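Residue numbers (my numbering), protein chains in the order written: chain L, 1 to 189; chain A, 190 to 374.
Simulated from the structure, these hints should not be mistaken for lab results.
Hints should not be assumed to be uniformly reliable.
Partial pick of chain L residues on the chain A-facing surface, computed with a CB cut under 8 Å [stated by the list, open to error]:
{"id": "1", "residue": "T49"}
{"id": "2", "residue": "I50"}
{"id": "3", "residue": "G61"}
{"id": "4", "residue": "G68"}
{"id": "5", "residue": "E125"}
Derived EDC-like pairs (lysine to aspartate or glutamate); straight-line CA-CA distance at most 16 Å [said to hold, decoys possible]:
{"id": "6", "chain 1": "L", "residue 1": "K63", "chain 2": "A", "residue 2": "D265"}
{"id": "7", "chain 1": "L", "residue 1": "K63", "chain 2": "A", "residue 2": "E368"}
{"id": "8", "chain 1": "A", "residue 1": "K211", "chain 2": "A", "residue 2": "E249"}
{"id": "9", "chain 1": "A", "residue 1": "K337", "chain 2": "A", "residue 2": "E291"}
{"id": "10", "chain 1": "A", "residue 1": "K195", "chain 2": "A", "residue 2": "D265"}
{"id": "11", "chain 1": "A", "residue 1": "K266", "chain 2": "A", "residue 2": "E291"}
For clarity, every value in this text was computed on a predicted model and none was experimentally measured.
All C-beta atoms in this analysis are idealised placements derived from N, C-alpha and C, irrespective of residue type, glycine included.
The chain contents come next:
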Amino acid sequence: MKDLFRGELVRFTMEEPETRSKAEARWQRDSELHRLADSGPAQLNSEKTIKEWFEKQTEEGFKPERYGFSVRTLAEDKYIGFLGIWVDLIHSEAWVGLGIGERDFWSKGYGTDMMKLCMQYVFRELGLQRLSLGLHEYNPRALRSYEKCGFRLEGRTRQDLLREGRRYDSLWMGILREEWLEMQKGDGK
Amino acid sequence: MKDVLKGKLVRLSAFDPEEMSKAFPRWYQKSEYFRLLNSSGQPMQSAKAALKWMEEEAGEASPANYYFSIRTLSEDKLIGELGLDVVTWPGRDAFVGLGIGEPDYWGKGYGTDIMNVLLRFAFTEVNLRRVTLSVFEYNPRAIRSYEKVGFRHEGRTRKVLNKEGRRWDILYMGILREEWLELND
Numbered sequence: 001m002k003d004l005f006r007g008e009l010v011r012f013t014m015e016e017p018e019t020r021s022k023a024e025a026r027w028q029r030d031s032e033l034h035r036l037a038d039s040g041p042a043q044l045n046s047e048k049t050i051k052e053w054f055e056k057q058t059e060e061g062f063k064p065e066r067y068g069f070s071v072r073t074l075a076e077d078k079y080i081g082f083l084g085i086w087v088d089l090i091h092s093e094a095w096v097g098l099g100i101g102e103r104d105f106w107s108k109g110y111g112t113d114m115m116k117l118c119m120q121y122v123f124r125e126l127g128l129q130r131l132s133l134g135l136h137e138y139n140p141r142a143l144r145s146y147e148k149c150g151f152r153l154e155g156r157t158r159q160d161l162l163r164e165g166r167r168y169d170s171l172w173m174g175i176l177r178e179e180w181l182e183m184q185k186g187d188g189k
Numbered sequence: 190m191k192d193v194l195k196g197k198l199v200r201l202s203a204f205d206p207e208e209m210s211k212a213f214p215r216w217y218q219k220s221e222y223f224r225l226l227n228s229s230g231q232p233m234q235s236a237k238a239a240l241k242w243m244e245e246e247a248g249e250a251s252p253a254n255y256y257f258s259i260r261t262l263s264e265d266k267l268i269g270e271l272g273l274d275v276v277t278w279p280g281r282d283a284f285v286g287l288g289i290g291e292p293d294y295w296g297k298g299y300g301t302d303i304m305n306v307l308l309r310f311a312f313t314e315v316n317l318r319r320v321t322l323s324v325f326e327y328n329p330r331a332i333r334s335y336e337k338v339g340f341r342h343e344g345r346t347r348k349v350l351n352k353e354g355r356r357w358d359i360l361y362m363g364i365l366r367e368e369w370l371e372l373n374d
């Protein structure tokens, strides 16, 4: 059987709350990363606060609605980002969100590889019917990456974002189980 | 749209811990009821202990656990309990347990009606792929009822129960979504 947690450039891990909070506190200081990943105002939290969140999450234990991973590169074994999956159990659908905290690893195919691993997990392991995501219009790099992964643009909320006096749309994308399976055939897998 | 919580004889109603904690000790007073539902030798619970358990266990809303009480349509009388617990989400399989605590309603088709409503709920509301149950060998009435609504025999743990100096099997039954659709279209 295939290693579900290993891609071509990255692998999924779960880092300790200590490691995660150290990295997260540093990544939060990058307000551009924040804007790409979130529509709220940039905010900073202390390492201690973040560590408490992660510890609470660990205590809550396994929930079939929620899956989170840390991401490490295969080449350097460097911890560069995170990926979270939120499942709607009744409708067999999930939302994904991901981020690469280390800027040196932007625009080099790492995000695409993370998403491919995520799709494999969602469709092959969780057996879900579709995967959804949202992104901001001002993040064309992410849009291209998701298109490459097979996501289709399904809609947009027009001008719901206001950044530096300009309005932008929220974009909504999705991929169906059948579409993903079809793509796997093309890969000769 | 159809009322998915209503059958021909019964309806599923909200599981009210207050009400059920009073009903349980009354129902479980009858050792036969207890034996049909439960294989352990657990002693009876007081209403207070039952309430504590219910508030802790059955209180929290979750897409994996569904608890109902059962009422007759004609008299709106509380007669039983029902639980559906999703066992695996990737397999979309759930385990069902039901009991009619009021013996006056045994052997009259109420259980079959309850199971029919439950299966419709499981397959059309929770969108499950299969439903599983277990039943004791010494409960032929239940076995017949489950067979009637479409459950198939899938296996048994042989001689696992020890009651009245005799050993009995636990039977496992299941129904797949396709099978249910076939029967109910």
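(request) Would you check whether I50 (chain L) satisfies its interface hint, that is, whether its CB is within less than 8 Å of any CB in chain A? (result) For I50 (chain L), the interface hint is violated, since the closest Cβ of chain A sits about 27 Å away, which is over 8 Å.
(message) Next pair to validate is K211 (chain A) with E249 (chain A); report whether the Cα-Cα distance is within 16 Å.
(response) Outside the cut-off at roughly 20 Å; violated.
(message) Does T49 (chain L) hold up as a contact with chain A if the rule is Cβ-Cβ below 8 Å?
(response) Hint on T49 (chain L): violated, closest Cβ of chain A at ~27 Å, above 8 Å.
(message) Checking one constraint from the list: CA of K337 (chain A) to CA of E291 (chain A), max 16 Å. Satisfied?
(response) Violated - the C-alpha atoms of E291 (chain A) and K337 (chain A) are around 22 Å apart, more than 16 Å.
(message) Interface hint check: G68 (chain L), Cβ to nearest Cβ on chain A, cutoff 8 Å. Holds or violated?
(response) At 16 Å from the nearest chain A Cβ, G68 (chain L) fails the 8 Å test, so the hint is violated.
(message) Run the distance test for K195 (chain A) versus D265 (chain A): straight-line Cα separation, threshold 16 Å.
(response) OK: K195 (chain A) and D265 (chain A) at ~12 Å, within 16 Å.
(request) Would you mind confirming whether the straight-line C-alpha gap from K266 (chain A) to E291 (chain A) stays at or under 16 Å? (result) holds, 10 Å
(request) Under 8 Å, Cβ to Cβ, is where G61 (chain L) needs to be relative to chain A, so tell me if that hint holds or is violated. (result) violated, 14 Å
(request) Verify the proposed pairing of K63 (chain L) with D265 (chain A), using a straight-line Cα cut of 16 Å. (result) violated, 37 Å
(request) For the pair supplied as a hint, K63 (chain L) and E368 (chain A), confirm whether the alpha-carbon distance does not exceed 16 Å. (result) violated, 30 Å
(message) Quick check on the hint: E125 (chain L) CB to chain A CB, less than 8 Å?
(response) holds, 7 Å
The structure is inconsistent with the numbered hints 1, 2, 3, 4, 6, 7, 8 and 9, although it conforms to all the rest.
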